[in-house]
Structures are given as structure tokens and as C-alpha cells.
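Number of protein chains: 2
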Amino acid sequence: MDLTNILFYLAPMGSMLGLGFAYYFYKQMKKKSEGDASMKKIAMYVREGAIAYLRQQYKVVGIFFLVAAGLFSFLAYYLKVQNQFVPFAFLTGGFFSALAGYLGMRTATDASARTTHAAKHSLNSALQIAFRSGAVMGLTVVGLGLLDISLWFMLLNWFIDKQIFGLVIPQVERYHFITTTMLSFSVGASLQALFARVGGGIYTKGADVGADLVGKVEAGIPEDDPRNPAVIADNVGDNVGDVAGMGADLYESYCGSILATAALGVAAGFGLKGIILPMVIAGLGVVASIIGIFAVHTKEKATQKELLKALNKGITLSAVLIFAFTFLLTYLILPENMGVIGSILTGLVVGIIIGKSTEYYTSSEFKPVKDVAESSQTGPATVIIQGMAVGMISTVIPVVTIGVGIIASFAFAGGFSSIGKGLYGVGIAAVGMLSTLGITLSTDAYGPIADNAGGNAEMTKQKAFVRERTDALDALGNTTAATGKGFAIGSAALTAMALIAAYIEEVKAGLKMAGQTVLKVGDKVIEITSANIIDFMNVYNVHLMNPKVIVGIFIGAMLAFAFCAMTMRAVGRAAFAIVLEVRRQFKQIKGLLKGKGKADYASCVKISTLSAQKEMMFPSLMAVLTPVVIGIILGIPGVIGLLMGALGSGFVLAVFMANAGGAWDNAKKYIEQGHYGGKGKANHKAAVVGDTVGDPFKDTSGPSLNILIKLMSMVSVIFAGLIIKYGDIVGKVGEKIK
Amino acid sequence: MDLTNILFYLAPMGSMLGLGFAYYFYKQMKKKSEGDASMKKIAMYVREGAIAYLRQQYKVVGIFFLVAAGLFSFLAYYLKVQNQFVPFAFLTGGFFSALAGYLGMRTATDASARTTHAAKHSLNSALQIAFRSGAVMGLTVVGLGLLDISLWFMLLNWFIDKQIFGLVIPQVERYHFITTTMLSFSVGASLQALFARVGGGIYTKGADVGADLVGKVEAGIPEDDPRNPAVIADNVGDNVGDVAGMGADLYESYCGSILATAALGVAAGFGLKGIILPMVIAGLGVVASIIGIFAVHTKEKATQKELLKALNKGITLSAVLIFAFTFLLTYLILPENMGVIGSILTGLVVGIIIGKSTEYYTSSEFKPVKDVAESSQTGPATVIIQGMAVGMISTVIPVVTIGVGIIASFAFAGGFSSIGKGLYGVGIAAVGMLSTLGITLSTDAYGPIADNAGGNAEMTKQKAFVRERTDALDALGNTTAATGKGFAIGSAALTAMALIAAYIEEVKAGLKMAGQTVLKVGDKVIEITSANIIDFMNVYNVHLMNPKVIVGIFIGAMLAFAFCAMTMRAVGRAAFAIVLEVRRQFKQIKGLLKGKGKADYASCVKISTLSAQKEMMFPSLMAVLTPVVIGIILGIPGVIGLLMGALGSGFVLAVFMANAGGAWDNAKKYIEQGHYGGKGKANHKAAVVGDTVGDPFKDTSGPSLNILIKLMSMVSVIFAGLIIKYGDIVGKVGEKIK
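For the record, the sequence lines run as chains F and R.
Sequential numbering from 1 applies to the first sequence in our numbering.
Sequential numbering from 1 applies to the second sequence in our numbering.
The hints are simulated quantities; they were obtained by calculation from the structure and are not laboratory data.
Take the hints with a grain of salt, since some may be wrong.
All copies of an identical chain are treated as equivalent in the list; a pair is satisfied when it fits inside any one copy or across any two copies.
[Claimed, not checked] Straight-line distance between alpha carbons at most 35 Å, and here's what the computed DSBU-like set of lysine-lysine pairs gives:
#1 K367 <-> K587
#2 K370 <-> K41
#3 K27 <-> K736
#4 K596 <-> K27
#5 K216 <-> K27
#6 K31 <-> K738
#7 K80 <-> K614
#8 K313 <-> K669
#9 K732 <-> K162
#10 K40 <-> K463
#11 K524 <-> K216
#12 K309 <-> K606
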């Protein structure tokens, strides 16, 4: 056993450490008091609603997973276009992601009232509870993700060693087999993420918009008012959207980037070393995150800036640590290619720049949001136009950053001498960016906890100073949510890029499974064992004058828009269902509006849950089926074109929607702070229109696009064997014509 | 002289015929009376404003052209990375496009009052005047475009025959030289189109939104009210945006598709026949258009549907005729590849489907617009969300249609046996789609004439029946405008596609000019005379795993969004300038609002003109410079990636914006017809917000994207030689690292 084999154990160790600390933080939080009876009651409503939602969601998704696993078994055991481990790897990926979502949300809903209660004592203790409960989510995601990866790696290694299942694979092929199999585990995580993001996104904004339309606008009662029957559903929505949805999204990116990089490591000719490196970076990333989490604390009477500084201190510490760790790891594992250190650094820097750019375009401290607020003087139409323009122009910096990042990480890893090494560099940049996910996701999950704590304080009518403190924590949460979204999109783009590259490897695996030793298209022939990606691209004609590629790019670009259209309309319908129900309650429950009757919160929660489940199906199916349909019609070149088109257009559209939504949101808040006439005046009403439009932009459609661009690559990965055997109808017809 | 050489003269003959009939229609129109003094006065204001605008625009553009021609001369005569004809071909392309715009707009502004006056007598005579005046634009565009192409073709042929300028070119090379030179003539048309579309788009919506904001909203006076000082500017805007802008846009597509196809014909190995075929199709297309134009007439008391039928009859007749003509022409010229007939038919069908799809999503007769109107019940925010969703989902049919169209036209022309033939098929599909431009553009240019006739009737307080007739003509114009926009976008996409393919030929020409006989990149070498496009793509590594290509795609996708952001904000600023001026006049001119004072129309026209000129510069420069900058940094693969990314994302974005804007516009009109409470109620106000947002969507940013996707290809074409010699810094640095 050489050093690389020993170092591998850093991955499962990091994973266990993460899970251990998650448990520790959870136990610590549970020890605190949840406050008085009314606080407990509100918290219970939210918790029960959230868990009821997840239960319903997992029921639907469970059926979907079983059907999919059945289909994959058919592919593996009957058609033999996929290997026999895939159905199981797929299921574990989905299961662990679901488990992480459940644990994270359970913790978040346990923590909100405790945060409110702690705010009675001090700001710092409230911050500690909220943030460390967020850290439970962060550490659970990285812990379970890394655990699944480590276990499967050990398992597959062992199977091959023992020649179980007739696996007699020559050494040179085993790593290719292992890594391409493990990618299918990511498919499970991806599918889980799709439902969590889309369903959660529809839920949260359906409830929010519905509650606002009928509560604030029609009945004229404030936000978070207990008389509004949809208020609990709204609070539940924050959890299912921003905790479970965001968690599943990043779980997918995390695992996807590690596994894609591992597969690319084999293609780059790094062998075992290339596989192990991303895993151990992730393992030590967990350690760096935990240290960072402990570094977050604040003094009493901290200003907004000081609170943000407290969080940033933790994140920066983790980033510096992980950079030091990876330097050491690369030196030990891959000393012949120290350039990858540059790639990792690139990933870290790209993440920071995209986060900062998001902050600039969505924070009311800077010009763009102030411009949107100013445009409220000429009414809602100009608010919309201005916000759209801000969102669109805000795509420039992230795209240029990702572009420079791709070139730089490619070049650092030696891409100019070998494209395989270069693509490995892009993959490891994504791993680097996501290595500190343990702490960055904590700051994301912190947001809804603080938000719910504020809601709890509002509904239970806490004293002013308590609400001031929860408001301060909540405002901080809005900033972290915005930068978190930028980070999620940026990492999704790099991960998707790595996944598309890894798809080539999966195609090779599919060809081998079909018993081919050479790839022959037209009059071009190459050996399949060749690690030369360029040859593969050339034989398959994946160049930009191939009409299949071009049509794929067009369809991919369109798909992002169609997906947004569907999710936006889904929010509209879900909101309308809530509006009808709240109107019904206001009418039928006597004295409700006067604060005497008791609102039926559960029915709103139920309606939101059911409509989210119903509405998520169609867009999800479209995302899943399109790569298969395009593969059947246009073959491998069409699929790669589709993925690249969806990635390019989807990334830009996602940034646009997230930032436009963020800018509208904060422009409204800026006006509420007293600018341009303040709350309730015409300008404010114009800004509210922008905010309402922005809700599905930033919390449903935009974030769902992250999943779209990754999921389509993953679906293509798992169906690669099928497409090789049965796909490319156009090409086959063409051959006959010819 | 063989048959092909003789048939060529159909092109200049068609061109002369088109110009002849344009002159005839113009003279016929001028014979009619312009009505009474007040009608004449209004018409004069609009005419003077429009011509003042064009004069100012051509002054600015003229300087730009001279600078550009100087630069191209530098490239051609000093750096020798471009041939010596290019600066002149470039200038004539721009000049003829400008001339067509001037003549078309002159006619349109002459025709509006005459249409109003004719409406006093009969609906049919009003339709005849408006439509045939629109036909002046249509026939001038195709006539001048084809004239320029024919002249240059004859000229270059002659130069080479006589060996003037030391042009001793072997026969096999001459066609390559001629077609790649002629493409640069398209660059002139493209640049002209950019300024016409962007400047015109900013002008028209700046004036419209500004007039509405301060007139309708602040002062509470109706649209087209002579008390509003911006009313003339608004009417001028219709002409500069929809006549001059649309005309220049399609002039570019028309010439671009013919010239790109000619270049692809050489690459496909068709030689002279491949060059001549698109030209003669265009020539007979003019004849088919003229016959179609004569077929348009209507009975008195025609309903809206019957009017539309009258126009459609003419268009359908032209399409059937041109199909018969092309069958014959292909049989005579290219009998060995009759499949291109299928490609031409594909182009015609694609145009029809995209037009129909646009109608479905933007006409108030169908569900999408009704849904938008219905959403007005829950306020402006839901109107915006619903309209956005309609626009986004409306991209599906056009994209799938274009996709199927690309594959089909590729396959029909023999693409499966030779990629060169296939790309020729895509080019000739675009030519087919645009062959009846003479009549389709007539229906577009008809719109603003009818609109201005209505405005004239309103301002001069004509009797009710006159206004009813002009309203009927105007409503018809709105439908033709919507389908015309769909047609413009669809043809732009196919043309851009052909231009990108032709770019490869331009790169070959650039290599030859650099004295290279073989192309060598890395360890791959091919002969440059080779017609094999695939080899070229492979040697340059223009495949989807090349990071330069990927980054190009990302930047291209982003550019479309950034361009929209800039043009939208430009409209906002231009509108604000008008608001300030109108407010000033209301304040300073005594009795103006009571109908006693005299509004200073000219100052509003001047302000709109100046702000449009100022605002168009930055987005235009971005569009022009980006391909050059990307080429310098990332070389040929980066440029092709950029073009394809911009095409994919830009096409989808353009369809989205045009259709969302159209849906909002007609949802508002639908409510004004008495649905959901009718005019002036809360629902109507919500719909007005949508309409205002939609204005820059559908008339500025969306249409400008057509130009963006074509222009960037054209810019790349003209700088190909420069990029070959000085481009690809990343690659050069990479070589050193390696």
C-alpha cells in the first residue's frame, strides 16, 4: 500500500468528522430552550408543515426513483448498455441526498424558535444558534456526500479485486470502470436535487406570493401576521426552498464535481492519483470548514457590517486553510503536476468574484439597486425595465470570470500539452471552489433560520429589542442568500462543464460495454482505449459545423427559457390556489381578520405541498427526457451540443434572473427604509410590483436552472450506452440516403 | 457562353424590374391628393422629422463608414490581410442600404396623408395606396440589393479576366476569390443595419414611451393628441423604426444569405453554378413578388379577416410562383443536385411556421394573449410574469422549426455525403425564405404607413367612418408587424448560420493571402485548397471540448443579454429626455393643454434624434468590437464559438422579447375592447404596465438582436485575415508554456 492509498482515507475520515460535528452542533442547539408556549407552537406548525412537505415529496420522488432504478436495471441487465452497479449507485446517491435534506431541514425548523429565544439574551448567542444550526446542514451535506463516494470507491475496488460478478478487469481499465460507474451515483443526487429545487422553489414562492397578494394587498394586514392563514406555509416555504432545495442543489454540485474530476483524472492519464486527489481535497475541506465555523462569533451591538465580517472571517479562514492543505496534498499525491494548485486557486477566486459581483448588483449599498429604486418615480413599468436591464448587464462579470477561470484552470493543469490534463484542471477548479462547502452552505442555511426566527418574533409579538436583533440577523441572511446564489450558480457552471467532459469517458465505457474495441464513424477509426479526447471529438464530428451539434445548441438554449416559463407559470398557479383558500378562510372563519378566529394553517400548507408536487412534474420530466430524445434523434454530437447550449444559455439566464430578482427585492427594501417617499406611497407600490415579479425569478426559475444544466449532463451520462446502441436516427437515415 | 452564364442576367434584370415597379408605384401614389391643408401640415411635420432623423443618422454613420473604410484599406493595402476590393465593396453595400432606407421612408411619409384622404372615398383605395407604398420599400430593398450584387459580380469577373490589378488567378481559385470578396459588401449592409435598427429602435420607443408617460399618464390626454408636443416625434419613430430599421435589417439578411450561399457553393464544389443559383432565384423572386403585389386588393366593408386574407393571397401566390421558378432554375443550372429544391421548400415552410407561431402567441384571438389579459385581475406583477412566461415558452416552436429546418435543408442538399453540399443547402434555404422579400417586406412597411394614416386622421379630426377605415388598416398592420418580426428573426437565424459557415471560406482566403498553401496547427496539416470543411474544423480544434470554443460560446450567450440591457436602458434615457421637454412645454407655452397654444414639435423630434444617435453608439461598438477582441485573444476557434453562442442565445432571446412584447401589447388592446372591465379600469392599468415594458422588448432590444447575430459574423468575416495573422494570444502563450 503506497502513500496515495493511505491518503485516500482522509476522505472518509473527513466525512465522519463532518457528520460528527453536525451531530454535536445539533445536540448543542437542542439543549437550548425554545421559549414560551406560543413560540413553541409557531415553531411546531412550521416544523410539521416542513416535514409533511418533505414526506409528501419523498413519496412522489421515491416512486420516481423506483421506476428509474427499474429502468436502469433494464438497461444494465437486459439491454446490457450499462453496468450492473449503476442502479444501486443511483439509488444510494438519491437516498443520501434526501437524508441530508431531511436532517438539515429538521435542524433548521428546530432552531428558529431557539434563535428567537436566544435573541432575548444576546445577539451573539442568537447568531451562534442560527449559524451553527445552518452548519448542521452544511456539514451533513458534505459528510454524507463524501461518505457515499468513499464507500462506493472502496466497494468497487473490492469487487474488482475479488473478481466478484465476474469482474476480471485489467488494471489499466479498472479505474475507468470505477469512475464511470460512480458518476451514476451523482445521477441519483441530481434527480433528487431537481425535485427539491423545482418543487421547493414552486412551494416557497407560491406560498409567499399567494400570502402577499391576499394578505398585504387585499386584506391590508402586514407580513408574518398570524391572522393570515398562509403565513405558516410561507415560513415553511423558506425552509423547503432555501434549506432543502439549496442543500440538494449543492450536494449535487459537490458530488458531481468530485466524481467528474475523478473520471477526468483517468482520462488525463493520472490513474489512481487523479481519482484520489479530488476526494482527499474534499476530505480536508471538511476539516477547514469546521475550523472556520468555530471562528464565527460576534460582539453585542454588532452592526450589519460587523456581522457580515464575522461570517466572512470564518469563510476566509477556511479558504486559506484549504489552499494550504491542497498545496500539501498535491505535493504528496501528484507532484509531477503541481500546476493543478493553480487550477484550485482559480476555482476559489472565481467563486469569490462571482459572489462579490452578485453582491454589487443586488445590494442596496450600490448603484444598480439604487437605480431601480429611483426608477420607481415613473411607475412600475420603469421599475421592471430597469430591473431587467440590471439583471441582464449583471451577467457580464460572472461570464467573463467563468471564461477566464476555464482557460486559466485548463492552462495551469497542463492543458496546452494535453487536453485531458486541462479538463482535469477545470474539474479540480470546481472541486476547489466547492471544497469549503461545509461553511459556505452553513451561511446559506443560516438565512432561512434567521428569517423564521424573525417571523416567530413577529407572530409571538416579542419586545422591540428582540425583533431588532432577529431583524439584524435576517438582513444578514439576505446578503448571504444573494452571494450564496451566485456561488451556487458559479459552481454549477464549472461542475456542469466537468460533467460534460466526463460524459466523453462515459461514452467510451458504453462503447466498451457494446464490445467495441475501436470506434468507427464514417471512414475515421480510433482505438477506444485511447485517452485522446480530441480524437474522439473528431471521429464523432462534434465540431461547430455539424448540423446535429448546431441544432443541439439551439435546442439547449431554448430549453433554459422553456424551463423558466414552466416554473414561473407553476408559481402563478400555486399562488392562485393559496389566494382562493385564504379568501375562503377570511370569509368563512368568523372574526379571523379581527384576530379572534383561528386560521387553519394546515390547509394552506397542504395546498402548497400538493400543488408544488403536481407542478414540479412537467418541467422535471422535460429536463429528464430531452437529452434522451435528442440522443435518440441526433446521437452523441447532438447531445453534446445540447448540453453546451443549455449550459451557456442556462448559466446566463440563471444569473440574470437571480440578480434581477435580488435587485428588485432590495430596491423595495431600500424604499422601505425611507427613500423616495418610503413605505405605502406610490413609489413603494411600484417597487412592490418589481419585487413580486422578482420572487419567482430569484427563488424558483433562476435556481432551478442550476439543476437543469447539471441534470441534463447526468441524464446523458446514464443513458450514454443506450444512445450509442439505439441513438442517432438522423445519422442512420443519412447513411442510407448516402 | 453557356446557359448558366446567360441565366445569370436574370438577377440584374429582376433587380431592374423591381426598381422600375418601385418607381411606378411611387409615381402612382404621388398623383393622389394629400387632402386638406391640416392633413398636409401634419404629414409634412412627420416627413420633415423623419428625413431630418435620417440625415443626422447618415451623417454619424457616414463618419463611421469612412473610418471603417480607412481601417479596411489599412488592412488591405498595408497589412495585406484583406484584398484590395474590400474597402470599396464595403462602402457600396452601406451606400445602397442607406439609399433603400431613404427612398422607402420618403415614400412612407409621402403616403400616410394620402392613405387617410383615400379612406374618405373607399377602404380599398386606402389599402391600395398604403400597401403599394409599402411595396416601394420592399422592391427598392430587393432591387438595390440585387443590383449591387450583380454589378460586383460582373466587375470582379471582368477584373480577373483582364488581369487588372495584377490579378492573375487560376480558374479554380477565381470563384473563391470573387465570393469571399463579395461577402465584404454584406459587411457594409450589416453595419448600416446595425445603426438603423438600434438607432431607429431607440428613437421610436424613446419617443413613444416618453409621449405616453407625460401625455397619457401625467396630463391625461389621449394618444395622438396634437396638444402633445411629442406626438410628431412618436409618428416619426414609427417610420424610422419600422420602415427604415426593418428595411435595413432585411436588406442585410437578403444580401447576406445570397452572398454566403454563393461562397458556400464554391466550397461545395459547385463552382460557378453554385454562385449563380442563389442570385437568379432572388432575381425571379422579385418577379414573383411583383405579381403577388398586384394580386392584393379588397372589397369595400371588408372585415379584419378579409383584409388579412387579401394580403395573404398575394404572399401565397408569390411563394407558389417562386417555388415553380426555382424548380425550373435548379433543373437548368444544377440538375446534378436537384435536392436543393427540397432545401428551398424547407426555407419557405420554416418562414411560414415561424410566422404562424408568432401570430398564435401574440394575437388576441388565441389563448396566450387572453391568459395575459386575464392575469391583469391580480395586478401588474402577474401581467408581467404571465407575459414573460408566454414569451419564454413561445421560443419552443421557432427553435424546433429552425432545428428541423437546418437538418432537413442540410440533408436535402446532400449533406450526408458532403458537409459542403449540406451547408450550401442551409444557405439556399435562407435564400428561399427571403426570395419573396419584395412582397413580405411590403406588408411590413405597410404597417407604419397605416399607423401614421390613423394618426393623421386622429390629429386632423376626420369623420368617424374615415377613422374606422384607417383603424381597420392599422389593426391589420399590427398583425403583419408581428408576423413580419417572426419572419425577420427566422431569416436572420438561417442567414447567420450560413454566414458562420461562409466564415470558414473567408478564413481560407485569409490564409491564402498570408501566402500559406497548407494549414498547420500543432501536428496536424492539411492543404488549404481542400474543400473539406470537416478537416478545417478538426485542424483548428473547433470542437466542444476546446476551452477556447467553450469560452466563446459563454461570451456569445452573455453578449445577447448585455446588448439587450444596453438598448433597454438607452430607451429609458431617451424617453426621459422627452418627458422633460414635454413637461417644459406644458409649463412654458401658455394655453397649450387647452388646445390654444402651439406645441413645438420640432424640438421633440430633435431631442429624440440626438439621443438616439448618442445612445446607439455604445451597444453598436460593443457588437463590432467583441468578435475582434475575442479573435485576438482566443483565435479562430474562439470566434466560431462566440458566433454560435450568440446565435443560439440571441435567437431565443429575440423571439422571447418580440413575442412577450407583442403579447402584452395585444392583451392591453384586448382589454380596451371591453374585456375585464375595459379601458381606464384597474385591470387596464395593469395591462398598460405590461405594454410599456413590452415596448422596448418588441421594438428595440428584440429586433436589434437580429442584427447582432448577423453583424458579429460579418465583422468576423472582414477581420479574418487580421485574426489569422495576429490573433489567438492564448494559443501563442500556450505554445510557449508547452
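Checked against the structure, which of the hints given earlier come out wrong? Hint check: 2, 3, 4, 5, 6, 9, 11, 12 fail, others pass.
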